[in-house]
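**Student:** Produce the entire structure from the sequences given, and follow the hints as far as they go.
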Amino acid sequence: MDWILLLEQCLNGLQLGILLFLLAAGLTLVFGIMDLVNLAHGSLYMMGAYFATTFAGWTGSFLLGALLALPAALLLGIVVEVVALRTLYSRDHLDQVLATFGLILFFNELARIVWGPAGLDLSLPAFLETSVELLPGVPYPTYRIAIIVTGLLVAGGMYALVNHTRIGMLIRAGASNRGMVSALGVNIRLLYTLVFGLGTVLAALAGLMAAPILTVQIGMGETILILAFVVIVIGGIGSIRGAFVAAILVGLIDTVGRAFLADFLRLFLTNQVAETAGPAMSSMLIYILMAAVLATRPRGLFPPRGH
Amino acid sequence: MFRQFMGVAAAAALLASPATAEKVKIGFVTTLTTGAGVIGRDMRDAVDLGLDHIGHKMAGLDVEVIYEDDGFKPEIGKQKTEKLVQKDKVNFVAGYIWSHVLLASHKTVVNADTFLISSNAGPSQLAGKLCNENFFSTSWQNDQTPMAMGEVLNQRGIKSLYVMSPNYAAGKNMVAGVERTYRGEIVAKDLTKFPDQLDFSAELAKVRAAKPDALFVFYPGKHGTQFFKQYQQSGLKGNVPLYSVFTVDSMNLPLLKDQAEGSLMTQFWAPDLDTPANKRFVSGYRDKYGRYPSFYAAQSYDTVFLIKSAVEAVNGDLGNRDGMRAAMRKANFESVRGPYKYGNNHFPIQNFYLRHVVKDADGNFTTKILSTVLEDHQDSYAKDCKMSW
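Top line first, the protein sequences correspond to chains A and B. The first sequence begins at 148 in the numbering used here and counts up by one. The second sequence begins at 49 in the numbering used here and counts up by one.
Worth flagging that the hints you see were computed from the coordinates, not collected in a lab. Keep in mind that the hints are not guaranteed to be accurate.
[As the list claims (entries may be wrong)] Partial list, computed: chain B residues near chain A (C-beta under 10 Å):
| no. | residue |
| --- | --- |
| 1 | Gln274 |
| 2 | Leu366 |
| 3 | Gly367 |
| 4 | Arg369 |
[Stated by the list, open to error] Here are some chain B residues the structure puts well away from chain A; computed CB gaps all over 10 Å:
| no. | residue |
| --- | --- |
| 5 | Lys126 |
| 6 | Gly283 |
| 7 | Asp320 |
| 8 | Tyr337 |
| 9 | Ile417 |
All C-beta atoms in this analysis are idealised placements derived from N, C-alpha and C, irrespective of residue type, glycine included.
**Tutor:** Right under this line is the structure:
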């Protein structure tokens, strides 16, 4: 076993986990506090990437583009909440799934009309386009390190916000017992709008950070949304801490499994079989993890208290 | 008076209808939505240009093309194919970017005794055991292009090779192709999940650890853009040279720009190929759409002319299927790649070239031919095909 390679793969897994956490944090808040299944969360991730690319094109700077995209995403989140989602809170989950699926189609078509079918490219500034040597002989892309650092900072900020501020207290209270929070005179509508806006900003941040690695394209949020749902189920719906732990876990298992499972299978299977079975099995690993968690702790690793 | 007029008009319409009813109907299945929709647009634009160039007529008959979107999914491609064959009753079904979509759809067409023309996908099954008298290709069999790349790698003295490809029908053919001709050592093969996996960081880290002489990849469409960006960011560029097939095309070149400059690939065609039909095609395409055509477009343009050669050989008698089949077997039309022949399995026997990415006089990125790698090359599955003529 090559330990340097393992370390590198762990970093790759961590970076995927961070992106998943940003997406899952918003999803778990909206699901846990507002009891809304939001399939369109991936579309907000996509819009974040499109916004950042557009603004970066206008200003000529990646960082400015990214900074402008966040308030734009907040605004978008608030508009979506007020216009489309507000009426859905009292409906059952199936209606919500249907309506937010409609939103996916709407945003995909909107992106096609505004930005065209070809997809966009968000280029990195030169200082992020390089790689740095973590250990002698182990270069690692600078930008992926930047993602990890940004994500950890945001996670720290979220921890402070949720555990040490008044808004955070309301959010936690909302996750535990919504009826009681509104009975105590808290403007629950405003809280919902705020939470949804926050979730949108986090999703947009994930989208714009993923954009330079991937291509900005229609439907880019749909594949990663499935992973984000897996994360919140494993972590416990409504729990930020659970989302963080589960996201890192899923990121690591997915990446390390992809990297080493075929080699591992080669120890007791023929080359041919290992080559075919490896990729197939590694894409199942996270679902196996989910099944195992659901079997032993049906409410996830860190369920919010009070339910 | 009015009634009389209507009666005359109705009679005239009845008289006129048999003359207008007979037209050549072509169903064209491609991907028009999802991220891959840009490939479908290129193919549709090329077919439209081909129709312009023939004045929308074949042997005096009007031509109608019905475009259908497969949504990048085999099951939807099959449904759309069934609709074209059973409801629209088209004379030809053409298109198909993806091997798995074509494999799901081909029986529907050939069993209904309708002609099926692949404008891109070339899965090994259809070249070998499943070859059919109603199926033709205007592209290539999947293995051929990577086989040419294997020869290039031999010529360049590459001793060890790392192979990456998506895990689906065409991806497996591409790997098989390069394995067939490459004589050095293949240190590892990574088959990635398709089309979901877009982040190749884990695989690229393994490439660096394996220290091969070169890296061979097949990542069509959007995946190519992503792969090139990540290859650059990983710091592998300059250390492990990249050889690709179907990964760089005219649609992702404007996004890749200098990231792809100098990049090497093999292909049966290039925009600078010097044939009369290709000049007409490339300049017409650039005038009409303002961009370079891709190889997908070139194959789609040829599809129009192959069908035209068949319809004209039977003087527009669309019921004469044997006559049309015999005509298509001759490949008697001006192809953008120059003259070619069909093998017994209805796949082209053709040249393959080594191309590299350069900037043209206006600063646009395009590809130019460096050398001819394989001449009059036939795919390796033709011997498994029972058909002979």
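**Student:** Hints first: check each against the structure and report whether it holds.
**Tutor:** Going down the list of hints, with the structure as the test:
Among the interface hints, the one on Gln274(B) holds; its C-beta lies about 5 Å from the nearest C-beta in chain A, closer than the 10 Å criterion. Interface restraint check for Leu366(B): the shortest CB-CB distance to chain A comes to about 34 Å, outside 10 Å, so the restraint is violated. Taking 10 Å as the C-beta contact cut-off toward chain A, the hint placing Gly367(B) at the interface is violated, the least distance being around 39 Å. Checking Arg369(B) against chain A by beta carbon gives a least distance of about 37 Å; that is not within 10 Å, so the hint is violated.
With a least CB separation of 21 Å from chain A, Lys126(B) remains clear of the 10 Å interface cut-off, as annotated. With a closest Cβ-Cβ approach of about 4 Å to chain A, Gly283(B) is found to fall inside the 10 Å limit, against its non-interface label. Non-interface call for Asp320(B) relative to chain A: holds, since the shortest CB-CB distance, roughly 23 Å, exceeds 10 Å. At the 10 Å boundary, the C-beta of Tyr337(B) stays outside the reach of chain A, the nearest C-beta of that chain being 12 Å off.
Chain A leaves Ile417(B) outside its interface by the beta-carbon criterion, the shortest separation being 26 Å against a cut-off of 10 Å.
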